[in-house]
Amino acid sequence: MATTGMQLLGLVLSLVGWVGGFLVCSVPLWRVTAFIGNNIVTAQIIWEGLWMTCIVQSTGQIQCKVYDSLLALPSDMQAARGLTVLSVLLCGLALALGVVGVKCTKCIGQNSLKARIARISGFLFGIAGFLYLVPICWTAHSIIRDFYDPHVAAPHKRELGPALYLGWGASALLLIGGSLLYAGSSPPGIPGSPTFSSDSSPRRGPAAQVKGYV
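So the sequence shown is numbered by our numbering: it starts at 53 and just counts up by one.
Hints were generated in silico from the structure; no laboratory data involved. From the three backbone atoms N, C-alpha and C, an ideal C-beta is built for every residue, glycine too. Errors might be hidden in some of the hints.
[Said to hold, decoys possible] Within a straight-line C-alpha distance of at most 16 Å, the following computed EDC-like cross-link-like pairs (lysine to aspartate or glutamate) qualify:
no., residue 1, residue 2
1, 209, 120
2, 117, 128
3, 209, 198
[To be verified] Here are the in silico distance ranges between beta carbons for each label pair:
no., residue 1, residue 2, range
4, 165, 97, 36 to 42 Å
5, 74, 163, 20 to 26 Å
6, 165, 186, 48 to 54 Å
7, 203, 137, 16 to 22 Å
8, 119, 193, 18 to 24 Å
9, 109, 74, 27 to 33 Å
Starting from the given sequences, assemble the full structure and let the hints guide the process.
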């Protein structure tokens, strides 16, 4: 049976995860300058994101530039672009289905159909959370690998940016919210199948009982 509280909790968590994922996709804070060796004191800090790179001067001035070529980007960043955009769109579709399918709305009168739509919404939220998780972990692996690679010069080493931590949180919210929405939307039964109860057997009325003794 559908549980309204679990459905709403799952939908709210998924909505927060969607907003967090949108911020992850847009902010240029996936990679930041690593302060190591002689690079501890620097006049500028470099921020790198999916769509642009920014240079923060010591005076506080920020200059950002959109990437000129998609093909010039590393493979992990190209994959991250596609997966995060797909995840954002998938969350939008899942949210629309979730609003229609939750028990407290009246968009659809048939409860079994509403439950199935809500379960599809929860499943899509879970897929979206996984799609966020893949590029986040892939990018983090690339950053850590290059950081400990002795062949990479110190000025080119990067550290994990705040967007990656936000991405992990958004993925967790989407996975948890989608699971709650799916688990709280169990269909009441297969349409068309009879439902029997313990007291559903036919009973004889008083007239029928009297007729048996005549």
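The hints, checked one at a time:
{"no.": "1", "hint": "209 to 120", "in the structure": "violated, 22 Å"}
{"no.": "2", "hint": "117 to 128", "in the structure": "violated, 20 Å"}
{"no.": "3", "hint": "209 to 198", "in the structure": "holds, 6 Å"}
{"no.": "4", "hint": "165 to 97: 36 to 42 Å", "in the structure": "violated, 53 Å"}
{"no.": "5", "hint": "74 to 163: 20 to 26 Å", "in the structure": "violated, 32 Å"}
{"no.": "6", "hint": "165 to 186: 48 to 54 Å", "in the structure": "violated, 32 Å"}
{"no.": "7", "hint": "203 to 137: 16 to 22 Å", "in the structure": "violated, 33 Å"}
{"no.": "8", "hint": "119 to 193: 18 to 24 Å", "in the structure": "holds, 21 Å"}
{"no.": "9", "hint": "109 to 74: 27 to 33 Å", "in the structure": "holds, 28 Å"}
Hint check: violations occur at hints 1, 2, 4, 5, 6 and 7; the rest are consistent with the structure.
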